[in-house]
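Visitor: So the protein sequences, as listed, match chains A and B. Note that numbering that gives the first Met the number 0 gives residue 100 to position 101 of the first sequence, counting from 1, and the numbers run on in steps of one. Note that numbering that gives the first Met the number 0 gives residue 38 to position 39 of the second sequence, counting from 1, and the numbers run on in steps of one.
Relax, there's no trap hidden among the hints.
With a straight-line Cα cutoff of 25 Å, these simulated SDA-like cross-link-like pairs (lysine to any residue) come out: (1) A:K92 / B:T174; (2) A:K93 / B:I91; (3) B:K85 / A:P42; (4) B:K85 / A:Y8.
Some chain A residues close to chain B (C-beta under 8 Å, calculated; not the full set): (5) P42; (6) G43; (7) G44; (8) V45; (9) R68; (10) R95; (11) G97; (12) D103; (13) F104; (14) F133; (15) R136; (16) H140.
These aren't lab readings, by the way, just hints derived from the structure by calculation. Keep in mind it's a predicted model, so treat the numbers as computed, not measured. No residue lacks a Cβ here, since even glycine has one placed at the ideal position from N, Cα and C.
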Amino acid sequence: MAVLDIITYPDARLKQVAEEVKTFDDDLLKFIQNLEETMDAGPGGVGIAATQVGVMLRIVIVDVSSYPRLKKAKHHGRLVLINPEIVDWQGMKKGREGCMSVPDFTGNVIRAENIRLKALDREGVEQQYEMEGFEARAVQHEIDHLDGLLFLDRLVSRRNDLFERKKKNEN
Amino acid sequence: MTDKKNKWYMVTLIGKDRPAIVSHVTAALYEGGCNLGETSMMRLGGNFSIMMMVEFPGRTKELHDVLVTVTDSLDLHLHIDKIEAKLHQHLIPDVRISVYGADRAGIVSKVTSVLAEAGLNILDLESDVAGDKDKPLYIMHIEGQATEGIKSLQSALQIVKDENGIDAELAEIDTLIG
Numbered sequence: 000m001a002v003l004d005i006i007t008y009p010d011a012r013l014k015q016v017a018e019e020v021k022t023f024d025d026d027l028l029k030f031i032q033n034l035e036e037t038m039d040a041g042p043g044g045v046g047i048a049a050t051q052v053g054v055m056l057r058i059v060i061v062d063v064s065s066y067p068r069l070k071k072a073k074h075h076g077r078l079v080l081i082n083p084e085i086v087d088w089q090g091m092k093k094g095r096e097g098c099m100s101v102p103d104f105t106g107n108v109i110r111a112e113n114i115r116l117k118a119l120d121r122e123g124v125e126q127q128y129e130m131e132g133f134e135a136r137a138v139q140h141e142i143d144h145l146d147g148l149l150f151l152d153r154l155v156s157r158r159n160d161l162f163e164r165k166k167k168n169e170n
Numbered sequence: 000m001t002d003k004k005n006k007w008y009m010v011t012l013i014g015k016d017r018p019a020i021v022s023h024v025t026a027a028l029y030e031g032g033c034n035l036g037e038t039s040m041m042r043l044g045g046n047f048s049i050m051m052m053v054e055f056p057g058r059t060k061e062l063h064d065v066l067v068t069v070t071d072s073l074d075l076h077l078h079i080d081k082i083e084a085k086l087h088q089h090l091i092p093d094v095r096i097s098v099y100g101a102d103r104a105g106i107v108s109k110v111t112s113v114l115a116e117a118g119l120n121i122l123d124l125e126s127d128v129a130g131d132k133d134k135p136l137y138i139m140h141i142e143g144q145a146t147e148g149i150k151s152l153q154s155a156l157q158i159v160k161d162e163n164g165i166d167a168e169l170a171e172i173d174t175l176i177g
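Pulled out of the complex, with its shape left as it was, chain A reads as follows (with noise of 0.2 Å):
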């Protein structure tokens, strides 16, 4: 086990297309274990690509459920999600981001509020999921970072929004 090295940008690999993880063995399993090891000792924490550790396979980890304000919203725990893919999505909402890639800033950046994911397991077994709100961003986040995309490249704007919509029943 051991914390790996998070590349920050400008490093090229950042902006670089990930490849399909093909196969399915105890390296895999090793590194995906290092990668939990380097997410959990990262700041904030709550998702990491393997492309930031400099590795350009389609792995990302999620966990949300350290979060403090999230401890009682509803959310997978941790999530290992190999050549994952967003086949179904609903909603905008702007959210702010950081990334351990890019110390020292944080912007605001619309996201999908809940969408519907499939990726293979650590064992290479396919997986279904559904997740919204926290959770659906940090795996869009991550997601982003194996198509070689950061979050500055989604930054909006915070002048000249008003209010948030608000759903119906809220208030």
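Assemble the complex: chain A is given as a structure, and chain B must be docked to it using the hints.
Guide: For chain B alone, kept in the frame of chain A given last:
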């Protein structure tokens, strides 16, 4: 690049808006051996305002000399303060407050004084006057830190709304670090 020996200044420039102010000013700074830090530049009611952190090896007077030709030619008022530069220490806001209402004197003061008492530390405030001449509308966005919790700010904001007939909304900001 940042050199520890260099000094930091806050340069403030204000003048009537016209095209290419930013490019002219920053070219003069670059040619004069300056490095920019964080800046804010925007048009406010037909004026253009610039506040920028400038790193420069020389003294205030020398920085003034670097800029004065271009600022005179663009009719910009120039002001320079020596500052301490605290880069790479951004505070992350945890609350966003939007306020709007018919424009009248005292909105900002009333809202911010009540919120300050309730523990709001403002990191960023922007406001606009919209509507038209006969019915001006005031719109303000604040991002900050709720040092005494969200509930304290929520109740404070409710009081300001009720007392002043303005609309206001507060939302917690969850920052995802991925």
